[in-house]
Amino acid sequence: MRSAADPERWQRIDSILGAVLEAPREERSDLLARLAGDDEGIAREIESLLAVEAEAAAFLAEPLIPPEPSDGALAGTRLGAYRLLRRLDRGGMGEVYLAVRADDFEQRVAVKVLRRGLEFPEAIQRFENERQILADLAHPRIARLLDGGRTERGLPFLVLEYVEGRPIDRYCEQEDLSPRARVRLFVAVCSAVEELHRHLIVHRDLKPGNVLVTAAGEPKLLDFGIAKPLEPTPSLHAGLTELDRPSPMTLLYASPEQVAGAPLTTASDVYSLGVLLFRILSGRLPYRTEPSSFPDVVRAICDDEPLRLGAALERSARPHERGLIRDLEAILGKALEKKPEARYGSVDTLAADLRLLLDGYPVAARRGGTLYRAAKFVRRRKAITASLAAIVALTAISLDLWQRRVVERERAEGVANFLEQLLREAQPKPGQIPALRNFLDTSRRQLLHPILLQTISPATRADLASTLGQTYRELGYPKEARVMFACAVDTWRTIDDPIARERLPKDLNNLAGINYRLGDYAHAEAGYREALDLWQQVGIPYDQHKAILANLGTITTSLGHFDEAERWYRKLLALGERLHGPDSPEAAQGHARLGNVAFNRGDLQTAEARLRKAIEIYRRQTEPDTVELQQAELYLGRTLLAARRTTEAETLLESLLAARHADYPDSTRLEIAEVEIEIGLAQTRDGRAATAEPLLRQALTNLRARVPENRFRLANAESVYGECLLALGRRAEAEPLLRGSLSTLAEVRGKASIYTREAQVRVEALERSRPG
Amino acid sequence: MPYDRGTVTELLKAWTAGDPAALERLMTLVVDDLRTIARQLLRGEIDNQTLQPTELVNELYIRLVGKRSVRWENSRHFFGEMTRMLRRMLIDRARNRKRQKRGGGVRPAPLLEELQVPIARREPWLEDLDAALDALARHSERQAEMIQLHYFVGLSAEEISAVLAVSERTVKREVSTARLWLYREMTRGTVSETQG
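Just so you know, the protein sequences line up as chains A and B, in that order.
With the numbering used here applied, the first sequence covers 1 to 772.
With the numbering used here applied, the second sequence covers 1 to 196.
The following block holds chain B by itself, in its conformation from the complex (with noise of 0.2 Å):
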């Protein structure tokens, strides 16, 4: 069914306004429908190059990453994408709203139901993640890829497997040696700072 482009727009300007749980709805939608692509690859319903971005996931693309049409040569490019615009998204939310509140602390976002924890209490870290991803990427772009499925758009190990097109078993390796390093950089302070 398509969407109304009315709610894209509305949600995209609330999240410009400031509300930040704009920004969850608008990542839900997206990551949902990444999620049914992923699935349905799995089923192999579309195959690894007939993919086709659904509305709401084109239009953001459009709207935050500023191209048009692109044509994807594959999941992994097509994933790729999409997951670098979930992270910008998120990331520059995060660095915004801390310019913002300079000074005092983070303001809980109000909750949705069924968000348990509102993506505005992580805030403060994920720029600390983005950098260490960054740092991750340069060891292993493959990990860093995987991480970023598996975190931002929650896909299963099955579907990362189907997605990047290697085993499940290299999957789960890979995950959970990435997870180990980010985590390492991230508390050991030694992730270079990013420019505030």
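Extracted from the complex, chain A is given alone in its bound form (with noise of 0.2 Å):
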């Protein structure tokens, strides 16, 4: 057989082959002979390889897809009523070629081509759409869709305007313009991309290069970049997973969204209308350094504070220009957030802004850089964060109305001074929580107010209802929580679109999650069932996969319906050895609830073998997650109590209980309560019910102060309190407790589970007591 890979040996043979292959034949096996010298087994080896020279001549020698046809060669060709010159460009979906007419040599259009590997049906729609799409765009400011047509082998090709002019950035150097001139120009381009954005278009790749000025002075914007369509009006978190990330050149260029790989909407360009004026306006980039490799460019964008236009500008300011400076930079500062919700509303409030600059008003942005910059420093309370995001979200919306209505300036001026207070405090003290929500059942009043309905689009709406479905919920406030969860989950439902198809399984999943907090087990498992569903038609992230199938296991367990429950933590069993493999902890946790289920119904043979299998597996790990293994090892000990195997049982929760001491200073916490009731229970059926009459007393009182609402939980101690006190001979105080907690056991868990039947077992030993 080959010997096993020896690097050494065959770093030799590989050396000595080179250089063999390389000589011409005549001088091969003198060569080898020299190279291998009295090395009898490399010099066969070599010429056992050497052997299926010919033989393998061809084998690997052409890849596996062909080489394409060298660039641009479709230059020469006719293409219906038009020439191809040359290729001006190549892209994704396909090439860009200088053509002119046949008939009239001078008139000069640019023809889009579909790509080569991209001819069937699917595509080629695609590309129709994208014609259907720039058909409808007529500005001025827009490079124009002029024609279209198929070619001889039916594939689509567009016609388009032909631009010839300047990279704006160039534009402004070589004409020298003044910073106002540069601001109008810039302001003229803005409107070119609120018309995209009108037609629900993201450009994707604003640049110098997209953005030529013509001899004339006026901008184009090239449709080069375009034709990403967006369905629904922008929303503020836009769900959909795009993964966008543009060609190298233009990183430079590219929101932090963009870069991330995350989501876009409409203010990604925004963004990369921000740095284009940071351009023409200084010259360079907002970037402290020019980045020169990948991480650091992708750092300069997505973590560094973009440069302030008074220190990239290389002259000094003249003091009338100082004033216009610092808006400017206010403007760039919000164009230029890191968060898209936090940027510029629109395209169209970004121009505004400057317009307002140009004509000498005060800018919005000015004041909303308290808002925003107030916004960033607030990291610490998750809950204060949530609500912020959406009282930005809610602010964002009336600041743009602001530009239109004097009203909304005094709302937006009234949340922007509640922030400043809120922020004044080092913490906020217990009754701004209060205030806090004040606010939020404000917002949620004026989410379902038929004139916000009629400025925001339904997509808008439902997003902010998440968000503050999101912000109640940080805040404890469950049952408001659900009403703005199910209203996100309507309104997606009303949106055919994919960021709705994205965002709708996400809500539900919220909703659901809601929904089993308090207690609505049926509601919680219909969501949670939809939501798999529909995520795994658009491709589920594991995470949420994972905590979904967990979720579904426990409320099926808890309703009793084993069989199912039984059924989804096989799938996340599956799942997780998948993914992490038949040892990792993910693949314990399938174990471990399998163990739970089996536990559930009776199967105690089985729940010991999963059980112990996830300690095992817990056990092994560099860092043991100690939460997971000792909920395990508090099933298996319940497990043993159930087969009746005291001893063994009372020795694991021993130990079980002085890890949980350890971890858990309070000794009235839940976490040590359930383990004494299982003790506590050990030790009566070992026969030292007097030791643990005490125990499962104090255990049983914290529970009820600290779970009040937990029925089941209650109702399992006290059935097991119950049997204790049967032990100890005092009949009388244990048969309402084991009375009433069969009952409500067999209400809560079913009469199938285990722990009814147990606090079954036991109210027959309480009637086989009756005296007499």
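The hints are simulated quantities; they were obtained by calculation from the structure and are not laboratory data.
If we take Cβ atoms under 8 Å as the criterion, some of the chain B residues that face chain A in the derived model are:
#	residue
1	31
2	139
3	140
4	150
5	152
6	176
7	182
8	183
Idealized CB from N, CA, C, for every residue including glycine.
Combine both chains into one complex, guided by the hints.
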């Protein structure tokens, strides 16, 4: 058999073989003999390789996929009424050629053809859709779609206005325009981009090369980077998993979300416009150093604060320009915010601010600056951040409205004051949470307000409802959160587009989670199932998948639907094993959950096997998740108790209790009490009911204090305590506890649950002990 | 020009539904993009560390490999990952089809105009190649990398030298030796069978 990989030997063979292959045939055997020396093994090895040289001549000689014809293969050919001259650009969907009309060589156009490899019905259909979209665009500042057609092979092509001009940054430089003139030019560009957005298209590739200025000083937006339709109106936290990575050279104008591969909205164009504006005003990019490596670029865009315009300008500002510069800095700051929702809500508002600037009015960005910088500082409390997100979102809308109505300005001011007040405190005082709550409630009412409904699109409304729902949830108001999530879900259902299709399962998941917390298991289960179904159609993120499967398992277990629970947990286990391996904590979680189900249905043998397996895997981790491990141990303890292996159970549970005491110094906690209940049970069954009684009594008291609404836990604890009391002969006290807990358990967990059956056994013991 | 996400989704759906031509289209697209990047590298239009995957490449990578927003250290790392992905696409596909067609021969895929030999026809020995490549990598990781760049991505020797930052001569030599070795391994049947 071939010897095992021996790198040194192989290297030698390799270098000798390489040398021999390079040598002319007649010299080869001599060379080989010389280089191999007296190592016959190596010489033979090389000879056997050389022997197949002729046979292997064609083997892997050509790549699997043949290389494409040389650049611009279509140049010089004719396409419909046009003659293609040379290739201008090459991109994702197709190539662009400079062309002339065959019958009129004066008129120059740009022709875009579908790319090799994309000639199949669906892609062709999309190309046609692009044509449709572009055909609807008629704006003096956008390169127009002139014509379209099909090649002989039936492939579509587009004919576009050919724009001759200079990239906007070079134009500004070469014409030495004043700052105001540059801003005016830029505002003209904004109107073109806004037109795109009105047609629900995100450009995604805004850079000087795509904004040419003609000799007449007219800017024109090129559509080479265009054609990414975005069906609904831009939402603030768009959920579509767009994978938009710009080509290498345009990374410098990309927004943080583009670089990170996160969802895109028109706000991304706002960012790119911000970079563009910075560039044409200062001649450089708003990044501290010219990034030279990919990680640098990513860091510059995603993490670093952009430069201040004043710092970037080379010539020192004249006094009357300083105000202008400060305002521009504010505007740029807002356009270049890392978070899309913090930027200008639309290109229109950006342009509006610039127009105000040019006309000498105060700009909105200066006021907004406090609001958004304030929002940046508050990272501490998740609740506050979430609610600020909601506030910021709502304020963004109000700030937009502010441009048009003074009334709204007062509302925006009110919010700004509120926030500043909030932040002036080191920590919000208890009384301020209600104030925040009032604001949220007001926002919630507004969300349903008819005027706002007209002003904002369904998608934005659903989005805001979702954000508010999360805020309420963080603040601990689950009922209100449920209303909001339900609103979000209902609204998403009415929208038929990719964004909604992405968001619906997320909010269904949120709604289900809240329902579960509120104890509405039936709705929770339905919600999770639907979310899972929908998600699996679009591609479900692993964490969510894991969580949903686990949640569905828990719910169905609680409902007593053990077969279903087992199904879900088996999927969870399979998922964990597939992605992380059979010895991973994720797989262990699957085992542990299956163990729980088995325990619940009374299949103690399986339960023990599964739980031990889970524990084994957890223990083997370098940094075991003690929470999960302890949970598994607790269930194993319960299993052993149910199997009446009291001594084993007690040993295990005692060590678990010790661990829990170490983790939780406060011994009234649920985590301690639940172990004490089991230990008390073990002691009772071991004939030491007297020792158990005070332990159980205290544990029960603690449980009542901690989780008064959890009927299951309390009923179970009471049943156990009842068993202890009965063992002590205190029948009269035991009876109500035992009977009451049995009926509760039967109701809450169903008859088949092991908890109910154990309670039943205890009641039977009670009956047997009836005096006389 | 950005891709229409729908295109890729359509292709992926078609491919997983069993349309072999879809695989060829996908691979054509990916490979074209990778070649463009390699060419740009070679011409110095982009440098070794400012590499950025195209959308298509990125999307496929994320869907097939499951990672988001990987940061590439350099071109070697990037191309290595991409080639691994391509290879996996091919091999998975070959295995699936083999499982589906237990007993019968492999049905040749419909021809696309540009593609002279459909990938599907080569599938029967792709698995052997896969195993052989693994064996080769145990001897010399660099040769395995090179041969993959040559065969799966279709880079020229010049382009490979730019991607891996070695001399062109080294590339040519090592590709030749690797090809011989792989051929011998595959025809002698000494490569251990992959689990089916």
